[in-house]
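Respectively, the protein sequence lines represent chains A and B.
When you number the first sequence by our numbering, it's gap-free, plus one each residue, and the end is 275.
When you number the second sequence by our numbering, it's gap-free, plus one each residue, and the end is 463.
There may be inaccurate statements among the hints.
Computed list of lysine-lysine pairs in DSBU-like fashion (alpha-carbon distance at most 30 angstroms, straight line) [to be verified]: (1) Lys-267(B) <-> Lys-233(A); (2) Lys-206(B) <-> Lys-451(B); (3) Lys-29(A) <-> Lys-46(B); (4) Lys-406(B) <-> Lys-224(B); (5) Lys-26(A) <-> Lys-451(B); (6) Lys-233(A) <-> Lys-206(B); (7) Lys-246(A) <-> Lys-451(B); (8) Lys-7(A) <-> Lys-260(A); (9) Lys-412(B) <-> Lys-26(A); (10) Lys-122(A) <-> Lys-221(B); (11) Lys-79(B) <-> Lys-46(B).
Covered, in the sense of this in silico footprint (three residues per stretch, anywhere, with C-beta under 8 angstroms from a C-beta of chain A), are these stretches of chain B [stated by the list, open to error]: (12) 239-247; (13) 255-267.
Worth flagging that the hints you see were computed from the coordinates, not collected in a lab.
Positions of the beta carbon are idealized from the N, C-alpha and C atoms, including for glycine.
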Amino acid sequence: MYKIMKKEILNPSVVLMDVYAPDIAKTCKAGQFIVLRIDEVGERIPLTIADFFPEEGLVRIVTQTVGYTSRKLMNMEQGDSFLDFIGPLGQESEIENYGTVLCVCGGLGIAPMYPIARELKKAGNKVITVVGARNKELLIWEDVLKEVSNEIYVTTDDGSYGRKGLVTDVSKEILEREKIDHAWAIGPVIMMKFTALLTKEYNVPTIVSMNPIMVDGTGMCGACRLEVDGKTKFACVDGPEFDGHKVNWDLSMRRMNIYKAKEEIALEKAIKGGF
Amino acid sequence: MALNLNRVDMPNRDPDARNKDFIEVAEGYNVDMAAEEASRCLNCKKPLCRSGCPVNIDIPRFINQVTKKDYDAAYYTLKEFSLLPAVCGRVCPQEHQCEGACILNPKGAAIGIGRLERYVADKFRESGKEEVLQKAPDTGKKVAVLGGGPAGLACAYDLAKLGHSVTIYEALHTLGGVLMYGIPEFRLPKNIVNKEIENIEKLGVKIELNSVAGRVNTVEKLMKEDGFDAVFIGTGAGLPYFLNIPGENLNEVYSANEFLTRVNLMKAYKFPEYDTPVFVGEKVAVVGAGNVAMDAARTAKRLGAKDVYIVYRRSKDEVPARLEELEHAEEEGVKLQLLTSPIEVIGDENGHVTALRCVSYELGEPDEGGRRKPVEIPNSEFDMPMDMVVMAIGQGPNPLLLETTKGLELNKRGNIVADDDGKTSIEGVFAGGDIVTGAATVILAMGAGKKTAQSIHDYLNNK
Ligand SMILES: Cc1cc2nc3c(=O)[nH]c(=O)nc-3n(C[C@H](O)[C@H](O)[C@H](O)COP(=O)(O)OP(=O)(O)OC[C@H]3O[C@@H](n4cnc5c(N)ncnc54)[C@H](O)[C@@H]3O)c2cc1C
Ligand SMILES: Cc1cc2nc3c(=O)[nH]c(=O)nc-3n(C[C@H](O)[C@H](O)[C@H](O)COP(=O)(O)OP(=O)(O)OC[C@H]3O[C@@H](n4cnc5c(N)ncnc54)[C@H](O)[C@@H]3O)c2cc1C
Ligand code: SF4
Ligand code: SF4
Ligand code: FES
Chain A
1 MYKIMKKEIL NPSVVLMDVY APDIAKTCKA GQFIVLRIDE VGERIPLTIA DFFPEEGLVR
61 IVTQTVGYTS RKLMNMEQGD SFLDFIGPLG QESEIENYGT VLCVCGGLGI APMYPIAREL
121 KKAGNKVITV VGARNKELLI WEDVLKEVSN EIYVTTDDGS YGRKGLVTDV SKEILEREKI
181 DHAWAIGPVI MMKFTALLTK EYNVPTIVSM NPIMVDGTGM CGACRLEVDG KTKFACVDGP
241 EFDGHKVNWD LSMRRMNIYK AKEEIALEKA IKGGF
Chain B
1 MALNLNRVDM PNRDPDARNK DFIEVAEGYN VDMAAEEASR CLNCKKPLCR SGCPVNIDIP
61 RFINQVTKKD YDAAYYTLKE FSLLPAVCGR VCPQEHQCEG ACILNPKGAA IGIGRLERYV
121 ADKFRESGKE EVLQKAPDTG KKVAVLGGGP AGLACAYDLA KLGHSVTIYE ALHTLGGVLM
181 YGIPEFRLPK NIVNKEIENI EKLGVKIELN SVAGRVNTVE KLMKEDGFDA VFIGTGAGLP
241 YFLNIPGENL NEVYSANEFL TRVNLMKAYK FPEYDTPVFV GEKVAVVGAG NVAMDAARTA
301 KRLGAKDVYI VYRRSKDEVP ARLEELEHAE EEGVKLQLLT SPIEVIGDEN GHVTALRCVS
361 YELGEPDEGG RRKPVEIPNS EFDMPMDMVV MAIGQGPNPL LLETTKGLEL NKRGNIVADD
421 DGKTSIEGVF AGGDIVTGAA TVILAMGAGK KTAQSIHDYL NNK
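Turn these sequences into a full structure, and let the hints guide you.
Put into structure tokens, the structure is as follows:
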């Protein structure tokens, strides 16, 4: 059992949890993820490691409510436990001193970006962060990211905070203005796709973090496959980070919708069940 | 006494009822059937059957004990050789092993050894008796077993009996390997698997679930930092192969592993009581014809698919699945599309499967092994309308642990190179089961685990 030592609601649909999993906390690196199962009937869902504290044995996850399981998770409290918590999975981010790095994150991508930006800064990079949210209420962790960025820009779709517009608008200005050596984009698939298309125009190598549907997370099932440079890859062992200029985005977007109808059934059960 | 050549059939549930649920298909012998089948055994002085069994079970002895109605003794005879008799009695390809070697086989009347084995193991389990376990005094040596499938379990069990301190590290949230995530409930009920592996815990073996070797720990770390004297690798052949044909990443194309894992391990057949969903089409093609393909096809049928096809390149004589599985699949309404090979999965603009494009084959000249090679018939392309495709064309070794183990010699296919005693290229590191042989059988994996336990024991004694 893996106990929730701390729970913090970051906004109405996003929750942060520190989970006691000392073996993982000791060995994990930025860019990796865990798979958890809430209870005996639960689904295995993957979540990025948003931070880790080897001394305390804690792994931080930040979850957005999208469907049944993430809702069930949102309702868990400090002191409750997950039945299974598996990791660290996936490859770690390739951190080196690239020079100037542009970190573009949107929505839930903000949490997984944090340890990566921190490590990039530690490695000597100038880190320019662009954060996007739909509105002010949904924006999380601006202050946390600020600490590990040399510059930070915030955009909201409705203009309720920061600049009105999309992360790609600000990113374009930055790319015009100065030489960027490397970029990271983490967030909704559509945002990563357009960021990658943009950086391609400027020939800036760009890493994206893919989040396809997964089951085991260990390379055993193939559910997480995607196409990179025309070749089939398993995101859970080959990724989750890939060269954003080589990902087949349309395929990835289609594969996210496999269980749409079933997910609605599960959600209905949740709503009837009272949460 | 005259030879009795009438094999006693094992009753199965009605195909039209069983293909709608996940309750076990075979009902097993009753006491009279078992007695009659056992009485046919000639109790041979030189029992050929034993040479056909990869773990050399003393078959005449346990069958003789059945004829004497001494079922407990029969059970302990089985347990001398096999950790999982209730499992192997159900899933061994007996027609190629013990029963294939039985002296009565040429007359078409091999003793139903698997059925008797299953009967004895079930009877013991259902009696609720506690198994008597014997354990040698503590040796103070520590062994890590990576992977909790049949190979790892058998190795851990024997090492623990020999007095070593054993820890199993398993990546999934349950022990059993393919027995839990691959082979379906209707063929191998999971409570039976769980019961058979309970003894492992009773022997004091430590079990670390959710522990992915190669990620959370490495062989080097286990030996250098955690003080293990030896490591056994039994991580199986879990990496699903694909055909690499166009359209293979469309939405409703599954690997058999994913489809079966969702259904068996995650219990998607009980969705939405269980949270994991699975998609099932109306027209389903399963590519391949091994045990894995049969399991996927029969599972799809049970989940409501109307038409399920096994698409296979060769003819019926070459089907690699156990004979019983093929028969059961056909009884349940699975159709065989033989001498056919897919070349493309066709989809619509939204990425949904609409057809499987295939070519026809015919059987050509026999190859060196005597098998007639399938050759493509020119211009024979045709489309089979489908809305789901399951690839069951084999599995390879999962590279996750192997790529983090420096100095471990692998063969061309990526399997670990190990000698007959399970020794690998690294001192103190042993391996067995599918990770060495490639995808094989439960009993071979178990046999390898058992044999290697002895070799690890010798190694530790001489260290
Ligand atoms: C490597 C990786 C890292 C991730 N990191 C985070 C994170 O840090 N925070 C976060 O909130 N989310 C993260 N996700 C996404 C998260 O796993 C899904 O949102 C979650 O599984 C949805 O479950 P649900 O039952 O609530 O939603 P559902 O109703 O089941 O589905 C909603 C949508 O979530 C996606 N989804 C469903 N099941 C899975 C699954 N087993 N694996 C992946 N996606 C699925 C599908 O696109 C689906 O359309 C990550 C995914 C991956 C693959
Ligand atoms: C669908 C299906 C049907 C089959 N039907 C039959 C049949 O009827 N009869 C028969 O005899 N055989 C059958 N087989 C084959 C048989 O199940 C296998 O040969 C046998 O299970 C191999 O045992 P193993 O212990 O070597 O590997 P596995 O059973 O594969 O077990 C390996 C274990 O190691 C774990 N693991 C993998 N990587 C790691 C890691 N890095 N760290 C920790 N743990 C790890 C896995 O999760 C798994 O639990 C079937 C196989 C399948 C897939
Ligand atoms: S273990 Fe398998 S091969 Fe050996 S006797 Fe039993 S059924 Fe036959
Ligand atoms: S070979 Fe057949 S008849 Fe002879 S002992 Fe074995 S099972 Fe009995
Ligand atoms: S999640 Fe199963 S192979 Fe990646």
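Hint by hint, here is what the structure shows:
| no. | hint | result |
| --- | --- | --- |
| 1 | Lys-267(B) <-> Lys-233(A) | 26 angstroms, holds |
| 2 | Lys-206(B) <-> Lys-451(B) | 21 angstroms, holds |
| 3 | Lys-29(A) <-> Lys-46(B) | 60 angstroms, violated |
| 4 | Lys-406(B) <-> Lys-224(B) | 14 angstroms, holds |
| 5 | Lys-26(A) <-> Lys-451(B) | 35 angstroms, violated |
| 6 | Lys-233(A) <-> Lys-206(B) | 35 angstroms, violated |
| 7 | Lys-246(A) <-> Lys-451(B) | 47 angstroms, violated |
| 8 | Lys-7(A) <-> Lys-260(A) | 29 angstroms, holds |
| 9 | Lys-412(B) <-> Lys-26(A) | 34 angstroms, violated |
| 10 | Lys-122(A) <-> Lys-221(B) | 27 angstroms, holds |
| 11 | Lys-79(B) <-> Lys-46(B) | 21 angstroms, holds |
| 12 | 239-247 | holds (count 4) |
| 13 | 255-267 | holds (count 7) |
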